[in-house]
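The residues making up each chain are set out below.
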Amino acid sequence: MQLLDDLSGLSFDEAQDAIVREFESLGDVFGQYTYLVEISALLPAFTDEEKERATLVDKCQSQVWIHAEPLPASESADGQPRLSLGVESDTLIVRGVLLLMQALFQGRTLQEVEAAKVTFVDRTDLKDAFSDERLNGFLAIERTIKSLARTALEG
Amino acid sequence: MRREDFPILKEQVNGRQLVYLDNAATTQLPLQVIDAMRDHYLHDNANVHRGIHTLSERSTRNFEGARKTVQRYLNARRPEEIVFTSGTTDSLNTLARLLEPLMGEGNVIAVTALEHHANYVPWQQLCLRTGAMFEVIDLTPEGDVDLVRLNSLLEAGNVKLFSCAHVSNVLGTVSPVAEMARICHEAGALFCVDAAQSIRHESVDVQAIDCDFLAFSGHKTCAPTGIGVLYGRKETLETLRPVNFGGEMVDKVAQEGTTFEELPLRLEAGTPNYPGAIALGAALSYLEEIGRNDIAQREYQLLKYVEDGISRIPNLHVLGNPAKRAGCLSFTGEGLHPFDIAMLMDKRGIALRSGNQCAQPLLHGVYGIKNITRISPAFYNTEEEIDTCLETLEMVCALLRKALR
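Chains as they are written, first to last, in the working numbering: chain Z, 1 to 155; chain S, 156 to 560.
Just so you know, these hints were derived from the structure itself, not from any lab.
Any given hint could turn out to be false.
[As the list claims (entries may be wrong)] No more than 35 Å apart at the CA atoms, straight line, and that leaves these computed lysine-lysine pairs for DSBU-like: (1) S:223 with S:525; (2) Z:127 with S:557; (3) S:459 with S:557; (4) Z:127 with Z:146; (5) S:557 with Z:146; (6) Z:146 with S:525; (7) Z:117 with S:407; (8) Z:127 with S:165.
[As the list claims (entries may be wrong)] Stretch by stretch, here's where chain Z covers chain S in the computed footprint (C-beta under 8 Å, at least three residues): (9) 491-497; (10) 550-560.
[Said to hold, decoys possible] Quick list of the computed label-pair ranges, beta carbon to beta carbon: (11) S:194 with Z:42: 51 to 61 Å; (12) Z:13 with S:173: 35 to 45 Å; (13) S:462 with Z:139: 37 to 47 Å; (14) Z:53 with S:489: 19 to 29 Å; (15) S:284 with Z:80: 56 to 66 Å; (16) Z:139 with S:452: 44 to 54 Å; (17) Z:6 with S:170: 25 to 35 Å.
Note that the Cβ used here is the ideal one computed from N, Cα and C, for glycine as well.
Produce the complete structure using the sequences and hints provided.
Below is the structure:
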């Protein structure tokens, strides 16, 4: 999808702005959620083994698995440890949101990860996908990404 | 039927006309009930029972009038058999604590695999506390309570209580509660009916059923949340020692001891939700005025319309095929997550419920699934709304299927 290609090379906040603009251009909220469902197909499925290795963020109806490890050194142009993020969900809408989060965090340094604040959910109609209870689940996803990134990139 | 009484049905959701099909979770309030609540707060509101002044007397009269309305609605013999609670869950938890002194090792408390957590967990926890055995009656493959298994358990002779949902909040199974009462009493067991899902559209006549206890919630009868009823046969309720103490339920209090009020006040400690009870009375009167049989017939018609329509959507599977279904049906779609279905439907203004419906033993234990999507029409829904729901559902399922990996 063009959006995901456009995000590479942007700073975290620039990339988020691009996501928000894309959603605003999609028109009605059903169109936005359809988009999430469509892009969810781009996320490679976790194997059972990968689910075992990943951290499960289990909130109510939707399960989320997150795995973080450093990118191979050869893929870091400046030699800094950079994040490789694997994400998975059993629901397509959350999978779509996770794909966007993966695109935001993938390849970032630990400093960039820790400074990042995920705001695109609040700034779009996507916040309606997450009730107050699920928004807490969403914040748990962000916290888990940062915590796993710290472990992966500090070592 | 009577849509004009329900202003919320005109609400716009996500730019679309609301199609509210989540009535098994809660029903909407008609203007008649909203006006009754408004009138109460505008003209009558004061704490009940102990006041001498005019507003207190008006509130008390209306509160006790509501109790008599509930008595009439359930065909209970006496108003003192009607105890106001905060809902079905509160009723069943209170009942479990009331019955605790009667339970111990060697006793059995039985429920069915159909039960909502409110009619499962209190009994399970009571057994853990007292050493009684907790038994769960299986279902038939169609989703009815296995009466052969129930009979066999009752014949063993040590069942003290059997509690069963009159109508399942997942499968819509209607259980033969009068027959269940009969076989329970033959075996010397008490029988409790969870009428949360049946109260609006089944015949809920406590004398005809001959149950010992019955519980329901106001918010499934077009009344507000926070009010419900525990019915108990007077001869049985009188033998049970109160479990909540405080104001309203006492007669004389001194350091040496306390005496308690007569039924039902003895079981209603603290300031009751009298505005809620008054609203409940107005709601039940409203349903009676429309005609309970008319409501029941209409709701059956609508549910049948849903069932026929959903059978034409490919790859959707309706749970259960009970002998009689009322109120709701639940379905799965192969590879589709109910969260995705319900979320996309909501973006088209259609309110369905997805999740485990507070029935994990049924979904996980019997059907081996985590979540389902549920459709539950009420008498104020229309065939056109159901058409909109089913057309959108078919489109949504096709869209989701295309994205499966």
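Q.
Given the hinted pair residue 459 of chain S and residue 557 of chain S, is their Cα-Cα distance within 35 Å?
A. holds, 29 Å
**Q.** Pair hint residue 146 of chain Z and residue 525 of chain S, alpha-carbon separation not exceeding 35 Å
**A.** Judged against 35 Å, a Cα distance of about 29 Å means the pair holds.
Q) Taken at face value, is the distance from the CA of residue 165 of chain S to the CA of residue 127 of chain Z at most 35 Å? A) At roughly 24 Å apart (the allowed maximum being 35 Å), residue 165 of chain S and residue 127 of chain Z satisfy the hint.
Q) Under the criterion that the straight-line Cα-Cα distance not exceed 35 Å, is the pair residue 127 of chain Z, residue 557 of chain S satisfied? A) Judged against 35 Å, a Cα distance of about 24 Å means the pair holds.
Q.
Would the hint linking residue 223 of chain S and residue 525 of chain S be met if the CA-CA limit is 35 Å?
A. This hinted pair is violated, its Cα atoms lying about 42 Å apart.
Q: State, for the Cβ atoms of residue 13 of chain Z and residue 173 of chain S, whether the hinted interval 35 to 45 Å holds or is violated.
A: holds, 37 Å
Q | Distance restraint evaluation - residue 284 of chain S, residue 80 of chain Z, Cβ atoms, bounds 56 to 66 Å | A | holds, 59 Å
(Q) For residue 127 of chain Z and residue 146 of chain Z, compute the direct alpha-carbon distance and say whether it is at most 35 Å. (A) holds, 21 Å
Q. Using the C-beta atoms of residue 139 of chain Z and residue 452 of chain S, is the stated range 44 to 54 Å upheld?
A. holds, 48 Å
Q: Go ahead and decide if the range 51 to 61 Å is satisfied by the Cβ distance of residue 194 of chain S to residue 42 of chain Z.
A: About 58 Å separates the Cβ atoms of residue 194 of chain S and residue 42 of chain Z, which means 51 to 61 Å holds.
Q) Are three or more residues of the stretch 550-560 of chain S within 8 Å, CB to CB, of chain Z? A) It holds, with 6 qualifying residues against the three required.
Q) Honestly, do residue 6 of chain Z and residue 170 of chain S meet the 25 to 35 Å range at C-beta? A) holds, 28 Å
Of the numbered hints listed earlier, those contradicted by the structure are 1 and 7.
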